[in-house]
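> If you want the building blocks of each chain, they are given just below.
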Amino acid sequence: MAKVIFEKVVKRYQSNARDTVRELSLAIDDGEFLVLVGPSGCGKSTVLRMLAGLISVTDGKISIDGKDITRLPPKDRDISMVFQNYALFPHLDVYDNVAFGLKMRGAPKNEIDDRVREAAALLGIEPLLHKKPKELSGGQSQRVAVGRAIVRRPKVFLFDEPLSNLDAKMRTQMRAEISRLHRRLKATAIYVTHDQCEAMTMADRMVVLHDGVIEQCGTPHEIYSAPRNTFVATFIGSPPMNLFAAEFTSAGGAAGLKINNLTLPLPPQLSAGGAARLETGRKYTFGIRPEHIYLAERIFPGVNACAPLACEVELAESMGNDVVLHCNSGGLAFQASLKHDFPVKSGDRINVVFALDKSHIFGENGERGI
Amino acid sequence: MKKLILYLILVCAAVSFIYPFLWMAYISVESVGDSGAAGFLSSFLTLGNYKAVFREIPIGRALLNSAVVALSTTASVLFFSSLVGYALAKLRFSGRETVFLIVLLTMMIPGQLTLIPLYTLIVKLGWTDSYAGLVAPWMISAMGILIFRQTFISIPNDLIEAARMEGCGELRILTSIFWPLSKPAMVTVGIITFMNSWNEVLWPMMVVRRQEMMTMPQMITTFSVGGQSGGELGVEMAASMLLIIPILAAYTFFQKYFIEGIASTGIKG
Ligand SMILES: Nc1ncnc2c1ncn2[C@@H]1O[C@H](COP(=O)(O)OP(=O)(O)OP(=O)(O)O)[C@@H](O)[C@H]1O
Ligand SMILES: [Mg+2]
Chain W
0 MAKVIFEKVV KRYQSNARDT VRELSLAIDD GEFLVLVGPS GCGKSTVLRM
50 LAGLISVTDG KISIDGKDIT RLPPKDRDIS MVFQNYALFP HLDVYDNVAF
100 GLKMRGAPKN EIDDRVREAA ALLGIEPLLH KKPKELSGGQ SQRVAVGRAI
150 VRRPKVFLFD EPLSNLDAKM RTQMRAEISR LHRRLKATAI YVTHDQCEAM
200 TMADRMVVLH DGVIEQCGTP HEIYSAPRNT FVATFIGSPP MNLFAAEFTS
250 AGGAAGLKIN NLTLPLPPQL SAGGAARLET GRKYTFGIRP EHIYLAERIF
300 PGVNACAPLA CEVELAESMG NDVVLHCNSG GLAFQASLKH DFPVKSGDRI
350 NVVFALDKSH IFGENGERGI
Chain S
0 MKKLILYLIL VCAAVSFIYP FLWMAYISVE SVGDSGAAGF LSSFLTLGNY
50 KAVFREIPIG RALLNSAVVA LSTTASVLFF SSLVGYALAK LRFSGRETVF
100 LIVLLTMMIP GQLTLIPLYT LIVKLGWTDS YAGLVAPWMI SAMGILIFRQ
150 TFISIPNDLI EAARMEGCGE LRILTSIFWP LSKPAMVTVG IITFMNSWNE
200 VLWPMMVVRR QEMMTMPQMI TTFSVGGQSG GELGVEMAAS MLLIIPILAA
250 YTFFQKYFIE GIASTGIKG
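Listed in order, the protein sequences are those of chains W and S.
All residue numbers for the first sequence refer to numbering that gives the first Met the number 0, where the first residue is 0 and numbers rise by one.
All residue numbers for the second sequence refer to numbering that gives the first Met the number 0, where the first residue is 0 and numbers rise by one.
The set of hints was computed from the structure by calculation and includes no laboratory data.
There's no promise every hint is true.
Here are the computed lysine to aspartate or glutamate pairs in the EDC-like style, where the Cα-Cα straight-line distance is at most 20 Å [what the hints assert, rightly or not]: (1) S:LYS182 / W:GLU221; (2) W:LYS133 / W:ASP95; (3) W:LYS60 / W:GLU22; (4) W:LYS133 / S:ASP157; (5) W:LYS66 / W:GLU6; (6) W:LYS102 / S:GLU169; (7) W:LYS185 / W:ASP29; (8) W:LYS344 / W:GLU290; (9) W:LYS74 / S:GLU169; (10) W:LYS2 / W:ASP64; (11) W:LYS60 / W:GLU6; (12) S:LYS182 / W:ASP92; (13) S:LYS89 / S:ASP157; (14) W:LYS108 / W:GLU125; (15) W:LYS131 / S:ASP157; (16) W:LYS282 / W:GLU366; (17) W:LYS74 / S:ASP157; (18) W:LYS357 / W:GLU134.
Bound-form chain S, shown alone (with noise of 0.2 Å):
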C-alpha cells in the first residue's frame, strides 16, 4: 500500500516533467493552423514544421557550428580537466594544496560576472565571430578538475609507479592508464560539457553576430524571437525539437556510465 503511494507520487512528478516535453514534440508535428487551439489529437500529425524550420533557417549551417562548437569543448575539457585532475591528485609539488583551492574557488564565482572581461578579451584578440571565440573561454572546467581528481585519488599508486617502469611518461599514464579507469567520470564530464555548450545562448549571443557562425540554440533564440517563425508555434517547437535530439541520443547512449559517475563521485568526494 505504501509502496502504491510512494509510485503514484513518483508517476506524477514524472509526468509533470515530461508533459512539456511530449507536449512540445506534438505541437512539432501538429499540422500547420490548428496549433495551440484545442490540447491534444485535435488533428493530423505533419512533418510539414519540420520542412518549414529547414526552409527558413539555415539550419544545416547552425547545427554543423553546434556541433563543431560542442564537440571541440567537450574533447578540450576532458583533456585539460584530467590533466589538472592528474596533477592535484597524484603529482607532488610545492603549492598543489593552493592551486586546488584557487580551483574550488572559481566555481563559486557567478558565470555572469566574468562574461564582460571575457568578452573585452575575446573582442581585443579578434576572435568575434569565430569558432576560436566560441570555445576558447570554455576550454576547461573547475568542475571537470574536481570531477577527475576525485576519481583519480582513488586509483592506487601502485599502478602509476608500475606504468613508470614498464616505460609510461606521465602523459602515457593518464591516457593508457587514467582514462580507461575512469570511464564513468569521463562519460560524466563530458555529457555534462557537452550539454552545457551545446545549450548555451548567451555567450554566442555575445561573440557572434553573422549568421553563418551561429549556433543552433542562438538561431533558433533569433529565428523564434526575431519573428522569422511568423510566430507560428510549431516550426518553433519543431526546431526545439532538433535540438534536442541528439542530447537525448547521447545520454541514452552513455547512460549506464553517466549514473555510475554521478553515484560514484558523490559518495567518494
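Here chain W stands alone, though its shape is the one from the complex (with noise of 0.2 Å):
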C-alpha cells in the first residue's frame, strides 16, 4: 500500500523569479505507474527530487499513506530512484552496488544474498554480479539500476528519465521490461520523461507538466482523445496537431467555423445542439491531428468528412510505414499523415478532407471548449 498525496507543493529556487513548481497538487493511487511529461525545463525532475527527498519543499505537503513526509530525509522515506546516469558506485561490483542499501539498513547477510539472487534472476543480470560497473553496457548498467532499486522493496519507484542514455532499440526493450517489472511488482511508481512515446505507453496514468503547472491529468487514452487546451494538444501527439484560428459564423443559416477563407461545418460534437456555446465573431482555435486528415479518394466509411480540400504537398517526408505531407491549401499550412500505401511526392496536389469527428475545439484562452 503507497498512496502518494502532494497538495499544494511548492518549490521555489532562490536564483529564479517564478517558482519552478507552483502549488501542484496531485494524488498518485497504490500501484499506479505515473508517468510526468512535459517540454525541458518544466520542473519534471524538481517534482520527483521533492518527493525523493533530494531538494526540500518550500511549500505545501507530501505524504505518503497519509504519514507526512515533507520533511523526512531521503533514507525515511522508503523510496528508491533509477538515476538518467544510472548512479551506479563505481568502486563496487554489481552484486554489492544492488545489495548495497540492504546493507546500509543492516538486513542479515543471508537475507541480502537471497534477495539480490532474487533480483538479479528477475532482470536477468545473474552473469554481470561480479563484473564493475565500467564494464558495463548502457543497457546492462540501466538494469543493475534498476536492480538496486528493486531489491529494497519500497513502497515507491521512482525513475527520472531512465531510458534517455539508451538506444532505440534498446529504450523500446527497457521500456517493455520496466513495465512488465511493474506488473508483477505492483508498487506505486513515478516515472519522468519527456519521450511522449514512452509516456503513451507505459502510463496508467499522465501527468503533462508545464512551467511547473499541471496541465492535464489523466489516462494516455484521455489525453490524446481529448486534451484540456491547445499546450497539451500540441505536445502530445507526433507529428504535432494543426492548430488553426476560427471564428463562429451562422451566416447564411448553416453554423460553421471560418478559417482563413475555408468555412468548415460544425463538427458533430458541437451541432448536436451545442451550437449555442459558440458566440458569433468570437476566435476559437480548431484542432486537427495530422492522422485523422484523410485522402479525399480514400476515406474510410463512418468518417464524418469535410468537404474535400484540394491543397498542394509542399515536402513529403517518409517514415517507413507513414508518410508526413506538409501541405497548402491557399495559404493554410498543415500536416497530414498517411499510411505509406499511397504514393505522394512533394509538389503533387492532391484533395484532402478532416474527419469533423475527431476535430477539436479550444476557446480564446486556449481552454477546450467543449
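Given two chains presented individually in distinct reference frames, assemble the corresponding complex, making use of the accompanying hints.
Structure below.
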C-alpha cells in the first residue's frame, strides 16, 4: 500500500524569479504507474526530487499513506530511485551495488544474498554480478540500477528519464521490461520522461506538466483524445496537432467555422444542440491531428468528413510505414500523416478531408471549448 | 644522441640526490673507529653501530612514541580533512566560499608564526610531555582539505543522491563512497602527513622534556648534539637510518597511488 499525495506543493529557487513548481496538487494511487511528461525545464525532475527528499519543499505537503514526509530525509521515506545516468557506485561490483541499500540498513547477510539473487534473476543480470560498472554496457547498467532500486522493496519507485541514454532499440526493450516488472511488483511508480512515446505506452495515468503547473492529468487515451488545452494538444501526438484560428459563423443559416477563406461545417459534437455555446464573432482555435486527415479518395466509411480540400504537398517525409505531408491549401498550412501505401511526392496536388468528429475546438484562452 | 645527454643529466641529478643517502647508509654499517677516514670500502662492514644505538639510548621507546604520534596524526588528518573537504566540495551552506578562503589563508601563514601561541596553549592545557600535546595541534591540515576538496569536486553528485536514496547519511557517504573513490588522494595526504609528523623535530623539542615521551628525531637530535653518541659518526648515522626506514617502506608500498595523487591534484587543481 502506498498512496502518494502532493498538496499545493511549491518549489522556489532563490536564483529564479518565478516558482519552479507552482501549487501542485496530485494524488497517486497505490500500485499506479504515473508518468510525468513535459518539455525540458518544466519541473519534472524537481517534482520527483522533492518526493525523493533530495531537495527541500518550499511550501505545501507531501504524504505517503497519510504520513507526512515533507521534511523527512530520503533514507526514512522508503523510496528508491533510478537515475538517468545510472549512478552506480564505480568502486563496487554489481552484486555490492545491488546489495548496497540493504547493507546500509543492516539486513542480515543471508537475506541480502537471497534478495540480490532474486532481483538479479528477475532482471537477467546474474552473469554480471561480479563485474564492475565500467565493464557494463548502457543497457546492462540500467538493469543493475533497476535491480538496486527493486531489491529493497520500497513503497514507491521513482524513475528520472532512465532510458534517455540508451539507443532506440534498447529503449523500446527496456520500456517493455520496466512495464512488465511493474505489473509484477505492483508498487507505486512515478516515471519522468520527455519522450511522449514512453509516456503513452507505459502510463496508467499521465500528467502533462508545463512551467511547473499540471496542464492535464488522465489516462494516455484521455489525453490524446481530449486534450484540455492547446498546449497539451500540441505536446502529445507526433507530428503535433494542427491548430487554426477560427471564427464561428452562422451566415446564411448554416452554422460553421470560418478558417481563413474556408468554411467548415460545425463538428458533430458541437452541432448536436451545442451550437449555442459558440458565439458569433468570437475567436476560437480549431484543432485536427495529422492522422485524422485523409485523402479524399481513400476515406474510410463512417468518417464524418468535411468537403474535400485541394492542397499542394510542399514536402513529403517518409517515416517507413507512415508518410508525413506538409500541405498548403491557399495559405492554410498543415501536416497530414498518411499510410504509406499511397504514393505521394513533394509538389503533388491532392485532395484531403478532415475527420470532423475527431476535431477539437479550443476557446480564446486556449482551453477546451466543449 | 639527444636522449643520451638527457639521460646523463638525469643520472647525475639522481646520483647527487642519492649520494648523501648512500654515504649515510655506508657509514652506519662501517666498523667503529674507521668512520669518515677514507671514503668507501676502507674496512669491514658491521652492525656494531646499530647495536650501539640500541644500547646507549631508549630508541625502542622513541620508536613507539613516534609511531603513535605519526599514526594518530595521520589518521586524524585523513578523517578531519576529508570531512571538511567533503563539506566544502559537496554541501551547500552559506559562507562556504569564505570558509574555503580562510582555509587557503592559513596555508600562507608560516608555521613558525603560530609556534609560540600554540606552545602557550599546550602549556595552559597541561598537555606538555604527553601524546595529546604532540598530536593535537596537527590533527587537521589545510593542505589535506585542499587536496580532498579538489578530488571530491570531480565525483558526480548523482552518486551522493543515489547513496542518500539507498539510506546513507552524510558520514556514510564520505566513508563508503568518497574514501574508496579517492584512494590516490588518501594515500598522498596520508604519506605527506605521516612524513611531516615523523620527521618533526622542533615541536617535540618544545613540548616534550621527559625522555620517555621523546620521538625518534628528537631523541636522535638530542643524542647527536647532546654528545651521548660520543661524537661517533657511525652511530649517529645508524640512528638516522632507523629514522628513515619506515618512511621508505611506506613510500615504496604506496608509490603507485602517491604519484597518481600528486599528478591528478595537479591537473584538476
Ligand atoms: N538548483 C537549482 N537552482 C536554480 N534553479 C534550478 C535548480 N535546479 C533546477 N532549476 C530550474 O528549475 C527548472 C526546472 O528544472 P527541472 O530539472 O525540474 O526540469 P526538468 O523538467 O526535469 O527538465 P529536463 O527534461 O531538462 O530534465 C529549470 O528551469 C531549472 O533551470
Ligand atoms: Mg530532469
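> Confirm or reject each hint.
Each hint tested on the structure:
no. : hint                : in the structure
1   : S:LYS182 / W:GLU221 : violated (54 Å)
2   : W:LYS133 / W:ASP95  : holds (14 Å)
3   : W:LYS60 / W:GLU22   : holds (10 Å)
4   : W:LYS133 / S:ASP157 : holds (16 Å)
5   : W:LYS66 / W:GLU6    : holds (13 Å)
6   : W:LYS102 / S:GLU169 : holds (16 Å)
7   : W:LYS185 / W:ASP29  : holds (8 Å)
8   : W:LYS344 / W:GLU290 : holds (18 Å)
9   : W:LYS74 / S:GLU169  : holds (11 Å)
10  : W:LYS2 / W:ASP64    : holds (5 Å)
11  : W:LYS60 / W:GLU6    : holds (5 Å)
12  : S:LYS182 / W:ASP92  : holds (17 Å)
13  : S:LYS89 / S:ASP157  : holds (11 Å)
14  : W:LYS108 / W:GLU125 : holds (18 Å)
15  : W:LYS131 / S:ASP157 : holds (18 Å)
16  : W:LYS282 / W:GLU366 : holds (12 Å)
17  : W:LYS74 / S:ASP157  : holds (15 Å)
18  : W:LYS357 / W:GLU134 : violated (51 Å)
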